[in-house]
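Undergrad: Single-letter residue listing:
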Amino acid sequence: MEPLEVFRVESPDKTGAEAYESVSRDVLSDLELTTTLGRLWIYIDPAEPVFIFCTLIRSGLPPVCVRDMAEIEVGAPGVDEVNINIFNEEYVPQLLSTLRIKYGRENIEQPDRKTMTIATKDPSEVAKEVADVIIADPRREIESRLADALLRITPEGFRVRHHISTESEMLFVASEDPIKPEWIKKAEDMISELKED
Amino acid sequence: MLEPIIYEGGVFKHNLVTELVEDLGGYIIQTNFMQTEVRIQLLCPHEDMSMLEDLAKELRAKITRAPLTGTDIIVIAPTLAYHHLPHHACDVAEYMRRFGANTTLIGLARGVGRRIAQISAKERALADEHDLAIFTFGNFEDCLTKEKYVLYKDLEVPSIITGTPELIKAPAYAKAYVGGLGRIAHRLKGENELAALDKLAEVAGECLDEERLDIAKDPLTIQPARLMSELKEQVPAINKSLSPAPITLQLKGARIKLPYREYKEAIENMTFEEGTTLKEIADVLPSYVRDYLVIRILPKSVTGFVM
Numbered sequence: 001m002e003p004l005e006v007f008r009v010e011s012p013d014k015t016g017a018e019a020y021e022s023v024s025r026d027v028l029s030d031l032e033l034t035t036t037l038g039r040l041w042i043y044i045d046p047a048e049p050v051f052i053f054c055t056l057i058r059s060g061l062p063p064v065c066v067r068d069m070a071e072i073e074v075g076a077p078g079v080d081e082v083n084i085n086i087f088n089e090e091y092v093p094q095l096l097s098t099l100r101i102k103y104g105r106e107n108i109e110q111p112d113r114k115t116m117t118i119a120t121k122d123p124s125e126v127a128k129e130v131a132d133v134i135i136a137d138p139r140r141e142i143e144s145r146l147a148d149a150l151l152r153i154t155p156e157g158f159r160v161r162h163h164i165s166t167e168s169e170m171l172f173v174a175s176e177d178p179i180k181p182e183w184i185k186k187a188e189d190m191i192s193e194l195k196e197d
Numbered sequence: 001m002l003e004p005i006i007y008e009g010g011v012f013k014h015n016l017v018t019e020l021v022e023d024l025g026g027y028i029i030q031t032n033f034m035q036t037e038v039r040i041q042l043l044c045p046h047e048d049m050s051m052l053e054d055l056a057k058e059l060r061a062k063i064t065r066a067p068l069t070g071t072d073i074i075v076i077a078p079t080l081a082y083h084h085l086p087h088h089a090c091d092v093a094e095y096m097r098r099f100g101a102n103t104t105l106i107g108l109a110r111g112v113g114r115r116i117a118q119i120s121a122k123e124r125a126l127a128d129e130h131d132l133a134i135f136t137f138g139n140f141e142d143c144l145t146k147e148k149y150v151l152y153k154d155l156e157v158p159s160i161i162t163g164t165p166e167l168i169k170a171p172a173y174a175k176a177y178v179g180g181l182g183r184i185a186h187r188l189k190g191e192n193e194l195a196a197l198d199k200l201a202e203v204a205g206e207c208l209d210e211e212r213l214d215i216a217k218d219p220l221t222i223q224p225a226r227l228m229s230e231l232k233e234q235v236p237a238i239n240k241s242l243s244p245a246p247i248t249l250q251l252k253g254a255r256i257k258l259p260y261r262e263y264k265e266a267i268e269n270m271t272f273e274e275g276t277t278l279k280e281i282a283d284v285l286p287s288y289v290r291d292y293l294v295i296r297i298l299p300k301s302v303t304g305f306v307m
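Sequence lines, in order, name chains A and B.
Each residue of the first sequence is one higher than the last, beginning at 1 in my numbering.
Each residue of the second sequence is one higher than the last, beginning at 1 in my numbering.
No lab work stands behind these hints, which were simulated from the structure alone.
Hints should not be assumed to be uniformly reliable.
[Claimed, not checked] Keeping only pairs whose Cα atoms sit at most 30 Å apart, straight-line, the calculated DSS-like set for lysine-lysine is:
id: 1; chain 1: B; residue 1: Lys62; chain 2: A; residue 2: Lys14
id: 2; chain 1: A; residue 1: Lys121; chain 2: A; residue 2: Lys14
id: 3; chain 1: B; residue 1: Lys153; chain 2: A; residue 2: Lys14
id: 4; chain 1: A; residue 1: Lys128; chain 2: A; residue 2: Lys114
id: 5; chain 1: B; residue 1: Lys153; chain 2: B; residue 2: Lys13
id: 6; chain 1: A; residue 1: Lys14; chain 2: B; residue 2: Lys169
id: 7; chain 1: B; residue 1: Lys122; chain 2: B; residue 2: Lys264
id: 8; chain 1: B; residue 1: Lys300; chain 2: B; residue 2: Lys175
id: 9; chain 1: B; residue 1: Lys122; chain 2: B; residue 2: Lys252
id: 10; chain 1: A; residue 1: Lys185; chain 2: A; residue 2: Lys14
id: 11; chain 1: A; residue 1: Lys14; chain 2: B; residue 2: Lys146
id: 12; chain 1: B; residue 1: Lys189; chain 2: B; residue 2: Lys217
id: 13; chain 1: B; residue 1: Lys189; chain 2: A; residue 2: Lys14
id: 14; chain 1: B; residue 1: Lys175; chain 2: B; residue 2: Lys122
id: 15; chain 1: B; residue 1: Lys169; chain 2: B; residue 2: Lys217
id: 16; chain 1: A; residue 1: Lys180; chain 2: B; residue 2: Lys146
id: 17; chain 1: A; residue 1: Lys14; chain 2: B; residue 2: Lys175
id: 18; chain 1: A; residue 1: Lys195; chain 2: A; residue 2: Lys185
id: 19; chain 1: B; residue 1: Lys62; chain 2: B; residue 2: Lys189
id: 20; chain 1: B; residue 1: Lys252; chain 2: B; residue 2: Lys169
id: 21; chain 1: A; residue 1: Lys14; chain 2: A; residue 2: Lys128
id: 22; chain 1: B; residue 1: Lys13; chain 2: B; residue 2: Lys252
id: 23; chain 1: B; residue 1: Lys252; chain 2: B; residue 2: Lys189
id: 24; chain 1: B; residue 1: Lys146; chain 2: A; residue 2: Lys186
id: 25; chain 1: B; residue 1: Lys146; chain 2: A; residue 2: Lys185
id: 26; chain 1: B; residue 1: Lys300; chain 2: B; residue 2: Lys217
id: 27; chain 1: B; residue 1: Lys169; chain 2: B; residue 2: Lys189
Note that the coordinates shown come from a computational prediction; the quantities given were computed from them, not determined experimentally.
Throw the hints in and build the complete structure from the sequences for me.
TA: Structure (structure tokens):
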């Protein structure tokens with residue numbers, strides 16, 4: 001799926017739809033979401049009043065585990081610790097805080113820039129377990145940016161909201177009145193049509 | 001008749017302009033220095049304009065007619081929520097300032113939406129304290145024509161509405177409508193956007209000219225500009241105010257940026273050379289902007305004379 005290969009903003013009010021397309025483009029580029037979204041379809045009917053936002057999210061980067069940024073080895077015989085030798089420093093702050101939460105602040109040390117140690121009574125088990133600990137998830141960051149974009153694009157008065165979000169798609173319906181089932185049905189139809197394209 | 005003018009030139013010898021305007025019987029409203037440049041808003045007698053033009057030519061300065069000079073405009077957006085920044089209402093307010101107006105920008109507490117949009121009594125009273133209200137609305141014709149009028153229908157001051165669609169006639173209760181200025185999520189810099197702003201300034205000028213004509217039918221006892229210069233002389237505390245415009249001129253009076261409780265009496269007892277005091281010719285009221293005070297000059301039909 002190419003970035004924003006489908007970008008549709010529809011409304012019974014043609015001028016309004018054009019203006020909303022400009023608003024959406026501005027917001028998506030401000031939040032650097034243009035390469036993250038694959039297909040996007042917005043429908044607004046002020047007379048109903050309803051705002052529907054459907055998007056397919058492009059598959060992005062996988063979560064970052066400890067093994068992706070460091071080599072893990074059990075400490076010397078007789079020393080109860082696991083050594084973590086960092087080769088990619090990009091996520092060091094997140095690594096440190098994750099390890100502190102998981103193993104306790106008093107058990108984590110960083111003797112030098114590229115080394116961390118975990119004091120533990122069972123080094124071999126911890127060495128195995130720590131390798132798969134997730135340090136950062138770029139997808140979650142994208143999700144929070146997407147939620148921010150939705151808040152910015154949605155008409156401010158439409159405060160009754162319904163959303164379904166999965167890893168690959170997002171469906172959002174907003175209105176100032178209680179959400180009607182037919183609006184959700186329309187949104188679901190829109191997302192299935194987007195998938196077919 | 002006094003002509004509203006903006007003078008833009010170098011700081012060098014700009015005092016000659018100030019002196020000339022005062023000698024001619026005009027008034028300096030505001031002077032802003034920007035490094036080596038100066039921008040003066042002034043009122044100059046119409047018949048003596050040629051003298052000011054000659055001096056400006058000699059000093060290599062530019063003078064332009066600024067129809068919004070000496071007016072106080074409120075720009076009202078349904079919301080000023082931070083996640084909708086930048087608001088186009090900010091650019092609207094700034095653009096009106098370039099034409100000489102003093103602008104106040106507010107976002108309504110509950111102005112968003114269609115059915116749920118509302119304006120509070122306090123917000124309405126604040127808007128009524130100004131000469132003109134500009135409401136910056138959104139993109140959809142249906143909202144503009146059928147729902148949003150509740151925000152401005154009970155205002156006493158004329159309201160100009162802006163929005164995206166080009167409407168043939170202004171929505172009900174509005175004085176005028178300017179299209180092409182709906183919800184825009186970037187700073188206004190496109191050709192169409194600037195043209196819409198120019199159009200808005202023109203429409204605002206026309207509305208205010210109509211108001212001026214209305215006032216001329218029953219003239220004010222004292223001209224607001226004269227009141228301003230007397231205030232500067234007789235109430236020295238004004239000159240210590242840090243605000244860029246300690247006295248905001250309005251069509252029917254002025255807003256003074258001094259605490260109401262402390263200065264009400266001093267201002268009411270100001271005496272003019274004709275022998276009258278201010279309280280005989282104007283009402284001094286508390287403003288809805290902070291703790292400032294507002295002066296409403298009474299018309300000739302009430303006082304029986306014009307100074």
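Undergrad: Against this structure, judge whether each hint is valid.
TA: Hint-by-hint comparison with the structure:
At most 30 Å may separate the alpha-carbon atoms for a hinted pair to count; B:Lys62 and A:Lys14 exceed this at roughly 43 Å. Restraint check: the Cα-Cα separation between A:Lys121 and A:Lys14 comes to about 68 Å, which exceeds 30 Å; the hinted pair is violated. The hinted pair formed by B:Lys153 and A:Lys14 meets the criterion: a straight-line CA distance of about 27 Å does not exceed 30 Å. Of the supplied pair hints, the one linking A:Lys128 and A:Lys114 holds, its CA atoms being roughly 20 Å apart against a limit of 30 Å.
For the given pair, B:Lys153 sits about 49 Å from B:Lys13 by alpha-carbon distance, which is inconsistent with the 30 Å threshold. Restraint check for A:Lys14 and B:Lys169: satisfied, since their Cα atoms lie roughly 19 Å apart, inside the 30 Å limit. Between B:Lys122 and B:Lys264, the direct Cα distance comes to roughly 22 Å. Compliance with the 30 Å bound is thereby established for this hinted pair. Pair hint B:Lys300 plus B:Lys175 holds up; C-alpha atoms about 27 Å apart against a cutoff of 30 Å.
Of the supplied pair hints, the one linking B:Lys122 and B:Lys252 holds, its CA atoms being roughly 21 Å apart against a limit of 30 Å. The hinted pair formed by A:Lys185 and A:Lys14 meets the criterion: a straight-line CA distance of about 23 Å does not exceed 30 Å. Annotation: proposed proximity of A:Lys14 to B:Lys146 holds, straight-line Cα distance about 17 Å (limit 30 Å). Simply put, B:Lys189 and B:Lys217 have alpha-carbon atoms about 41 Å apart, too far for the 30 Å limit, and the pair is violated.
Taking the CA atoms of B:Lys189 and A:Lys14, the gap is near 23 Å; set against the 30 Å cutoff, the hint holds. Proximity of B:Lys175 to B:Lys122 is assessed by CA-CA distance (about 22 Å); at most 30 Å being required, the pair is judged to hold. Proximity of B:Lys169 to B:Lys217 is assessed by CA-CA distance (about 28 Å); at most 30 Å being required, the pair is judged to hold. This hinted pair checks out: A:Lys180 and B:Lys146 have alpha carbons roughly 22 Å apart, not beyond 30 Å.
Proposed proximity of A:Lys14 and B:Lys175 is supported: the alpha carbons are some 26 Å apart, at most 30 Å. A C-alpha spacing of about 15 Å is found between A:Lys195 and A:Lys185, which places the hinted pair at or below 30 Å, so the restraint holds. For the proposed pair B:Lys62 and B:Lys189, the alpha carbon gap of about 24 Å is at most 30 Å, so the pair holds. Restraint check for B:Lys252 and B:Lys169: satisfied, since their Cα atoms lie roughly 29 Å apart, inside the 30 Å limit.
Between A:Lys14 and A:Lys128 the alpha-carbon distance is near 59 Å, which puts this suggested pair outside the 30 Å criterion. The suggested pairing of B:Lys13 with B:Lys252 is violated, with an alpha-carbon distance near 33 Å, which exceeds 30 Å. Of the pairs offered as hints, the one joining B:Lys252 and B:Lys189 is violated, with about 34 Å between alpha carbons and a cut-off of 30 Å exceeded. Straight-line distance between C-alpha atoms of B:Lys146 and A:Lys186 comes to about 26 Å, which keeps the hinted pair within the 30 Å bound.
Between B:Lys146 and A:Lys185 the alpha-carbon distance is near 28 Å, which keeps this suggested pair within the 30 Å criterion. Taking the CA atoms of B:Lys300 and B:Lys217, the gap is about 10 Å. The hint holds against a cut of 30 Å. For the given pair, B:Lys169 sits about 26 Å from B:Lys189 by alpha-carbon distance, which is consistent with the 30 Å threshold.
The earlier numbered hints that this structure contradicts are 1, 2, 5, 12, 21, 22, 23.
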